[in-house]
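Chemist: Sequence:
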Amino acid sequence: MMPILSVIVLGFRQFETVTKNCLDSLIPWFNHPDIEVLVIDNGSPDDSASLTQQWCSNHPNVRCFISEENRGFAGGMNWGVKHAKGEWLLLVNNDTVFPGRALDALLNVVLSVPSDVAMLGPVTNAAGNGQRLWRPEASHAEWLQIGETLHTHPTQQLMPTYRCDFFCIAIRRKVWEQLGGLDVEFGLGYYEDVDFSLRLRTAGYQQMITEDVFILHVGSATFKGSKDARALIKRNKKLLQTKHRLVRFEHTRLGNLAALERYETLRQLGVWTSSLQLRKDLRMRALEEDAPRSIVKRWLWQRKIKRVFR
Numbered sequence: 007m008m009p010i011l012s013v014i015v016l017g018f019r020q021f022e023t024v025t026k027n028c029l030d031s032l033i034p035w036f037n038h039p040d041i042e043v044l045v046i047d048n049g050s051p052d053d054s055a056s057l058t059q060q061w062c063s064n065h066p067n068v069r070c071f072i073s074e075e076n077r078g079f080a081g082g083m084n085w086g087v088k089h090a091k092g093e094w095l096l097l098v099n100n101d102t103v104f105p106g107r108a109l110d111a112l113l114n115v116v117l118s119v120p121s122d123v124a125m126l127g128p129v130t131n132a133a134g135n136g137q138r139l140w141r142p143e144a145s146h147a148e149w150l151q152i153g154e155t156l157h158t159h160p161t162q163q164l165m166p167t168y169r170c171d172f173f174c175i176a177i178r179r180k181v182w183e184q185l186g187g188l189d190v191e192f193g194l195g196y197y198e199d200v201d202f203s204l205r206l207r208t209a210g211y212q213q214m215i216t217e218d219v220f221i222l223h224v225g226s227a228t229f230k231g232s233k234d235a236r237a238l239i240k241r242n243k244k245l246l247q248t249k250h251r252l253v254r255f256e257h258t259r260l261g262n263l264a265a266l267e268r269y270e271t272l273r274q275l276g277v278w279t280s281s282l283q284l285r286k287d288l289r290m291r292a293l294e295e296d297a298p299r300s301i302v303k304r305w306l307w308q309r310k311i312k313r314v315f316r
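For the sequence shown, position 72 (counting from the first letter as 1) is numbered 78 according to the numbering used here, and the numbering increases by one without interruption.
None of these hints come from the bench; they were simulated from the model.
Bear in mind the structure is a predicted one, so any value in this text is a computation, not a measurement.
One or more of the hints may lead you astray.
[What the hints assert, rightly or not] Keeping only pairs whose Cα atoms sit at most 27 Å apart, straight-line, the calculated BS3-like set for lysine-lysine is:
#  : residue 1 : residue 2
1  : K303      : K286
2  : K91       : K180
3  : K244      : K233
4  : K249      : K88
5  : K249      : K233
6  : K233      : K180
7  : K180      : K249
8  : K240      : K180
9  : K310      : K286
10 : K233      : K243
11 : K310      : K240
12 : K249      : K286
13 : K88       : K233
14 : K303      : K243
[What the hints assert, rightly or not] Just the calculated beta-carbon pair ranges, DEER-fashion:
#  : residue 1 : residue 2 : range
15 : L252      : Q184      : 16 to 24 Å
16 : Q184      : F315      : 25 to 33 Å
17 : E74       : Q308      : 50 to 58 Å
18 : E267      : V302      : 21 to 29 Å
19 : R251      : D53       : 39 to 47 Å
20 : Q60       : K310      : 48 to 56 Å
21 : E183      : R241      : 42 to 50 Å
22 : R309      : R179      : 25 to 33 Å
23 : L272      : A209      : 24 to 32 Å
24 : I239      : P39       : 18 to 26 Å
25 : G276      : H65       : 26 to 34 Å
26 : H65       : D110      : 34 to 42 Å
A virtual CB, placed ideally from N, CA and C, is assigned to each residue, including glycine.
Work out the full structure: start from the sequences and follow the hints.
Modeler: Below, the structure written as structure tokens:
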């Protein structure tokens with residue numbers, strides 16, 4: 007029987023400190039009949055490839071693939087998808103950790119979404135759009151507990167979004183194939199997720215944030231912040247603007263406010279639960295934290311907030 011969900015974990019370097027934590031968190035679903043897990047080492051220059059193979063030998067339900075070269079994020083994921091069998095593809099960056107019941111919650115969502123919804127982004131602790139929840143003092147363990155609490159208190163709510171962050175993203179296979187996967191022209195990474203989001207939108211499909219799935223985004227400093235990374239970001243931003251002349255680069259606060267506006271609409275309609283209140287509490291603190299630094303822009307931001315919660 008074909009799986010419903012193919013989980014594709016893309017690793018690069020730092021197996022013991024990054025990739026292994028992600029894979030260990032996925033162990034509860036290794037025997038799930040509707041889920042398959044694939045792990046890829048994307049041409050790591052350290053000993054991560056051999057460590058990945060060794061780890062997989064102790065977990066035979068995981069399918070292991072070793073690339074001889076670094077194919078970049080787009081190329082690595084495209085290669086992984088070729089080996090996947092699921093109706094839905096879950097592209098997973100290795101700097102993520104899955105709280106309890108995360109994939110059970112995701113399966114519930116993918117089995118119930120309308121047919122025109124082709125992409126689902128989970129909520130998280132760190133993202134550049136409306137997927138981010140906010141509790142700056144929360145520890146790693148506390149975030150995992152928050153995630154499991156969200157999974158056991160679902161809302162059945164989907165939030166429209168301009169784009170999705172690809173630290174962890176669920177995509178219908180047939181739409182992935184229709185769009186030809188990720189564009190490898192973006193090289194090692196950056197902005198290929200925005201490009202795919204916009205191409206998906208142009209093709210007439212919807213992308214949503216699911217309020218019922220939380221994935222912890224730990225983050226990795228293996229490349230980000232280096233001189234080469236800054237140059238690649240600049241180069242890929244220009245490439246994105248060439249491909250999509252009307253692309254918008256929105257601040258995280260706008261995505262968060264859009265979700266809160268949706269919450270407020272639900273409240274006014276009388277569709278309100280303690281589960282929604284829990285998520286609202288995690289978003290409200292970000293409104294002030296994300297306020298612009300400019301005095302004038304901050305004043306305009308505060309006026310916008312007041313209009314939403316009038």
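Chemist: Each hint needs a verdict: does it hold in this structure or not?
Modeler: For each hint, the structure was consulted:
1. K303 / K286: 24 Å, holds
2. K91 / K180: 11 Å, holds
3. K244 / K233: Between K244 and K233 the Cα gap is close to 17 Å, so the pair holds against 27 Å.
4. K249 / K88: Holds: K249 and K88 sit about 25 Å apart, inside 27 Å.
5. K249 / K233: 25 Å, holds
6. K233 / K180: 38 Å, violated
7. K180 / K249: Answer holds: K180 to K249 is near 23 Å, not above 27 Å.
8. K240 / K180: 32 Å, violated
9. K310 / K286: Since the Cα atoms of K310 and K286 sit roughly 17 Å apart, the hinted pair holds (cutoff 27 Å).
10. K233 / K243: 16 Å, holds
11. K310 / K240: Violated: K310 and K240 sit about 31 Å apart, past 27 Å.
12. K249 / K286: Violated, at about 36 Å.
13. K88 / K233: 33 Å, violated
14. K303 / K243: Holds, at roughly 25 Å.
15. L252 / Q184: 16 to 24 Å: 22 Å, holds
16. Q184 / F315: 25 to 33 Å: 40 Å, violated
17. E74 / Q308: 50 to 58 Å: 54 Å, holds
18. E267 / V302: 21 to 29 Å: 23 Å, holds
19. R251 / D53: 39 to 47 Å: 44 Å, holds
20. Q60 / K310: 48 to 56 Å: 53 Å, holds
21. E183 / R241: 42 to 50 Å: Between E183 and R241, where Cβ atoms are some 28 Å apart, the hint is violated.
22. R309 / R179: 25 to 33 Å: Because 45 Å falls outside the window, the suggested range is violated.
23. L272 / A209: 24 to 32 Å: 29 Å, holds
24. I239 / P39: 18 to 26 Å: 41 Å Cβ-Cβ, so the 18 to 26 Å window is violated.
25. G276 / H65: 26 to 34 Å: With a Cβ separation near 48 Å, G276 and H65 fall outside 26 to 34 Å, so the hint is violated.
26. H65 / D110: 34 to 42 Å: Check failed, 19 Å falls outside 34 to 42 Å.
Of the numbered hints stated above, those contradicted by the structure are hints 6, 8, 11, 12, 13, 16, 21, 22, 24, 25, 26, listed in ascending order.
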